[in-house]
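Q: Below, each chain spelled out in residue letters.
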Amino acid sequence: GEDVEQSLFLSVREGDSSVINCTYTDSSSTYLYWYKQEPGAGLQLLTYIFSNMDMKQDQRLTVLLNKKDKHLSLRIADTQTGDSAIYFCAESFYGGSQGNLIFGKGTKLSVKP
Amino acid sequence: GAVVSQHPSWVICKSGTSVKIECRSLDFQATTMFWYRQFPKQSLMLMATSNEGSKATYEQGVEKDKFLINHASLTLSTLTVTSAHPEDSSFYICSASGTPQSSYNEQFFGPGTRLTVL
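One line per chain: the protein sequences are A and B, in this order.
In this text, residue positions in the first sequence follow the numbering used here: the first is 106, and each later residue adds one.
In this text, residue positions in the second sequence follow the numbering used here: the first is 608, and each later residue adds one.
With the rest of the complex left out, here is chain A (with noise of 0.2 Å):
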């Protein structure tokens, strides 16, 4: 079955860059996404790649792909203490509404000043 894979926890200074990593067993998703889980809140979509692209980047997040490895990781330049939160990564795969999300478990960013 499908499966995703986050480490759960990195901490990082506020101006440095973080990477958060996320692997992937089913190599038939059609997107992949970031999402951001602030302290009782929903999820807030960041960014998404699809899956035939190698790299997106807007603006402080670059999100990178690597289909071989079943590999994706979401860079954010200049972390801000802003940035601290839960981070999930999710995988699609199907078309239209129906599009059912796998989620990994998330990794906690902590931002120290």
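Think of the hints as simulated: they come from the structure by calculation, not from any bench.
Possibly wrong hints are sitting among the right ones.
Straight-line Cα separation of at most 35 Å, DSBU-like style, residue types lysine-lysine; simulated pairs [what the hints assert, rightly or not]:
#1 Lys141/A - Lys671/B
#2 Lys662/B - Lys141/A
#3 Lys141/A - Lys627/B
#4 Lys210/A - Lys673/B
#5 Lys648/B - Lys210/A
#6 Lys648/B - Lys173/A
#7 Lys172/A - Lys648/B
Following the hints, complete the assembly by docking chain B onto the known chain A.
A: Positioned in the frame of chain A, the structure of chain B alone reads:
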């Protein structure tokens, strides 16, 4: 952007009672709504998928008679936890996708409902 609300944001109930959680899409038509359950320090687990006007599709292991889902309109889905027990205590999150469907299958998430069963 698309906004999804949930009500209530938190609820405490006695064991054996039923609790209803509402999920609303505020500015778009949600043809499909999803209900997730999240345990502390765990990932989101999909419970069921519902399309407006039809029965929900439950994931394996989710009791459909315990977790009643109704998606009666394009802006509202409800999850009723019947005869709740302490093991049902969790964070319940809904999401919605709709029209026009985004090219990347985006689901818009509600803020979640914290259920505590005493």
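Q: Now look at each hint and say whether the structure bears it out.
A: We went through each hint and held it up to the structure:
1. Lys141/A - Lys671/B: This hinted pair holds, its Cα atoms lying about 29 Å apart.
2. Lys662/B - Lys141/A: With a Cα-Cα distance of about 30 Å, the restraint between Lys662/B and Lys141/A holds, given a limit of 35 Å.
3. Lys141/A - Lys627/B: Roughly 26 Å between the alpha carbons, so the hint for Lys141/A and Lys627/B holds.
4. Lys210/A - Lys673/B: Roughly 25 Å separates the two Cα atoms, so the pair holds.
5. Lys648/B - Lys210/A: 7 Å, holds
6. Lys648/B - Lys173/A: Holds, at about 29 Å.
7. Lys172/A - Lys648/B: 28 Å, holds
Violated hints are absent here; each numbered hint is respected by the structure.
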